[in-house]
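**Q** So you can see what is in the structure, the chains are spelled out below.
There are 2 protein chains.
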Amino acid sequence: MEHGGGGLLSNELITGLILPLFRNSYLDRLEDGAVFEIGTKRLCFTTDSYVVHPLFFPGGDIGSLAVHGTVNDLAMCGGKPLFLSAGLIIEEGFPLADLERILRSLAEAAAGSGVQIVTGDTKVVNRGAADGLFINTSGIGLIEYPGLISVASVEAGDAVILNGAVGDHGAAILSCREELSLTSGIISDSAPLNDLVTIVLNTSPRIHCMRDATRGGLGAILAEIAARSCLDILIEERDIPIHEDVRGLCEILGLDPLFLANEGKMALFCPWEDAERVLAAMKVHPRGREASLIGRVQGGGRGRLILNTLIGGRREVDLPTGELVPRIC
Amino acid sequence: MEHGGGGLLSNELITGLILPLFRNSYLDRLEDGAVFEIGTKRLCFTTDSYVVHPLFFPGGDIGSLAVHGTVNDLAMCGGKPLFLSAGLIIEEGFPLADLERILRSLAEAAAGSGVQIVTGDTKVVNRGAADGLFINTSGIGLIEYPGLISVASVEAGDAVILNGAVGDHGAAILSCREELSLTSGIISDSAPLNDLVTIVLNTSPRIHCMRDATRGGLGAILAEIAARSCLDILIEERDIPIHEDVRGLCEILGLDPLFLANEGKMALFCPWEDAERVLAAMKVHPRGREASLIGRVQGGGRGRLILNTLIGGRREVDLPTGELVPRIC
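Protein chains in written order, with my numbering: chain R, 1 to 329; chain H, 1 to 329.
One chain only, chain R, in its complex shape (with noise of 0.2 angstroms):
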């Protein structure tokens, strides 16, 4: 399971085995999507499998999950979403109704996030062979901005912006899953960060990388571009929003909010005299008003994020080996 969990085993899967059999210049950059020019125009691409449990959650449900996923990956590469593909792995007996209500759902984020579904697949398995809905989008989206938005462009400096409190998505699927089915209130954070992405990308010429934080977290995300660009990242756990009631329930069943899963939950790096322009323009959207620094790259490093705690300790976090909740999205 843990090999499918955005964590350590995980990264050794995609290093270990699966980058080495497809070395090519697009994958080795290992950002959210593939960037290329075709003609004068330069695109991104990008694919993810979902296998959210349960189907329908606070907040959203698969068909909305698949949408808004694969605009913020194009979206984190800096591209405006225009194309999407939907191919479902529907299970026999699947309820025709739970389908329709799912495509419902996946039509109307698609119009939401003013993107098209232009293509499609539909397979159905017996029964026993999937659990109920599999939903894959690729998309493809067109880049503007001139800058190089990459990993390999965080520099030391930069600027660590949050555009809102983490963990709402990993904690609404956690409390309505049936071994707990508390009756939290915790709703998904899922939405389409595209909207944001090109107030931010008007506001500074000079954005240097975004990352959405889905599967593992802010944590994950964080640990991930600095032990990849190999500067120390700094964060203050003060200045990182969480929501009371999912700082609670973390509370009771012991986990850590920075490695719960969000769905429309951005980090972004720029050079720390931009920071605070884009964080001024990030607030007056609806997706960007509890938007933080939360930290700064340092010079020197190791490639370690760091961690100012709220009680003044300071500690290194790594990458946790699996994965806290599995089928997150």
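A couple of the hints might just be wrong.
The list makes no distinction among identical chains, and a pair is therefore deemed to hold if it is satisfied within one copy or across any two copies.
[Stated by the list, open to error] Simulated crosslink set (DMTMM-like; lysine to aspartate or glutamate; CA at most 20 angstroms straight-line): (1) LYS283 - ASP195; (2) LYS283 - GLU179; (3) LYS283 - GLU92; (4) LYS80 - ASP195; (5) LYS41 - GLU276; (6) LYS283 - ASP239.
FYI, nobody ran anything at the bench for these hints, they're computed from the structure.
Place chain H on chain R using the hints.
**A** Structure of chain H alone, referenced to chain R:
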């Protein structure tokens, strides 16, 4: 099950439920992929999820199939396949050695088709939530052919050309299923058709339509093209190549090879005057050696597929309600 089989119920699901929700000019064309312009370039985009059972079969495995299937969908749009994504859904406990073998096969098939895997995703689901491994591939192709390759371009008088014997893939999968496990020696025809298509497109500037005969077989794609173009297609049974062992297996099992799946077979439509030239060019290529002129589009028809049988009869071929062989691709 039959909703996913490429037959009549599958059509109902797509036209009844899916299309009305996602209405747009790309999807409404119901071709193998979506075609759009980016700057001055014309691209095509397609997706397919592969759920073939068993994962390994004579002539290929789910990895090579996932490349060939999507490469062929791009080729059928007249596109040179450029980039592929790969999304894996892996069941917990799936043997790593099998995964490696499949990924190696996927990488080799990509190299053999001249396409690059540029982005990917891996999800692991708990034991029992998937049947071993499912793979989604989506692809982007570049269309340089000036003509419009589409069902909408099919005309009365067009020749129908097939590139080789039908039913191999379906028969190969069937004969290696646990419940049968015949030692038939039949090998899947799974192969990339993009090279052959390049030859075809260089031979005639008037290729009207191409379609690979996958799920539902040659019968299903021709019946669908007839219905959508509102033209009758008349085909000659004696001109449709079928390998002896496939014919034998079909006789034993009471199956019609016309509806058995293929993964390296295509039908193409071009003006009768160009047919000889196109056929001659195809026969030079290994995947077109058994190419055959199998029929003709009739004027004044009503969207029927009509078969002149071996024994001198003539019958209308209907789209099968369900599927002959589930999880064939």
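**Q** Next, verify each hint and record whether it holds.
**A** Verification of the hints:
no. : hint            : in the structure
1   : LYS283 - ASP195 : within (13 angstroms within a copy, 53 angstroms between copies)
2   : LYS283 - GLU179 : neither (37 angstroms within a copy, 61 angstroms between copies)
3   : LYS283 - GLU92  : neither (46 angstroms within a copy, 42 angstroms between copies)
4   : LYS80 - ASP195  : within (9 angstroms within a copy, 33 angstroms between copies)
5   : LYS41 - GLU276  : neither (31 angstroms within a copy, 40 angstroms between copies)
6   : LYS283 - ASP239 : within (15 angstroms within a copy, 69 angstroms between copies)
Violation of the numbered hints given earlier is confined to hints 2, 3, 5; the remaining hints are satisfied by the structure.
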